[in-house]
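For what it's worth, our numbering labels the leading residue of the sequence shown as -17, then goes sequentially.
It is worth saying that the hints were derived from the structure and are not from the lab. Careful: at least some of the hints might be erroneous.
Unchecked claim - Cross-link-like lysine-lysine pairs, in silico, DSS-like; alpha carbons within 30 Å at most:
(1) Lys59 to Lys(-8)
(2) Lys37 to Lys(-8)
(3) Lys59 to Lys141
(4) Lys141 to Lys37
(5) Lys16 to Lys(-8)
(6) Lys37 to Lys59
(7) Lys142 to Lys37
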Amino acid sequence: MHLLNKNEVKFVRLTAIDEDILLEYLSDLSPETKHRFGPHGFDRDSVRAVLGNEKLYMACAAKDTATGRLLAYAIIKHGFLEHDRPRLETYGLVLNAGQDCTFAPSVADQWQGRGMGRQMLIFVMNELSNAGYSRIILWGGVQAGNERAVRFYFRNGFKKVGEFEYYGMNYDMIFEITDGINKKELP
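Take these sequences, add in the hints, and give me the full structure.
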């Protein structure tokens, strides 16, 4: 399977009217991918809570224009997770709810490793830059044993700021958004 060309994929922000297609996307994820994606449940109430609260969340997706199916999804929480504050501050981070955001991406199983995650990240980075954010914090970090994801984040400019134990070792990672993120490429 190849990466769809740019005419076949549209990167969008999701709204409440996208509830059913997001639920379909989430239900199609493999158990392993579901295990690695944990910011919210896979049920209608959880999806509705995210898509219905634009003051707290931004939801983005890559959509196949021919079928309307989602190929990737990311949830962004405005600010940071309050229960993570003590841990993040031990790394010397000065948190700012108005300039920080928390990011959790996922890519449909059949599209993993084909460039979809990078293209989605470029879209999200530009959306966040345009919204005035200066830093992205990975939601719950990344599982150290998920070597593919760890490599992905390092390759795309994220920096490891610390480690913590939660059902195994995890890395807290951040990305400092700079003015003028190139609309086509990341560092």
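The hints, checked one at a time:
Of the pairs offered as hints, the one joining Lys59 and Lys(-8) holds, with about 22 Å between alpha carbons and a cut-off of 30 Å not exceeded. The straight-line distance between the Cα atoms of Lys37 and Lys(-8) is roughly 24 Å, inside the 30 Å bound, and the hint therefore holds. Between Lys59 and Lys141, the direct Cα distance comes to roughly 19 Å. Compliance with the 30 Å bound is thereby established for this hinted pair. At roughly 27 Å between alpha-carbon atoms, Lys141 and Lys37 fall within 30 Å of each other, so this suggested pair holds.
Under the criterion of a C-alpha separation no larger than 30 Å, the hint pairing Lys16 with Lys(-8) is consistent with the structure, at around 23 Å. Taken as a hint, the Lys37 and Lys59 pair is honoured in the structure, with Cα atoms around 9 Å apart against an allowance of 30 Å. A threshold of 30 Å between alpha carbons decides the hint, and for Lys142 with Lys37 the separation of about 28 Å falls inside it, so the pair holds.
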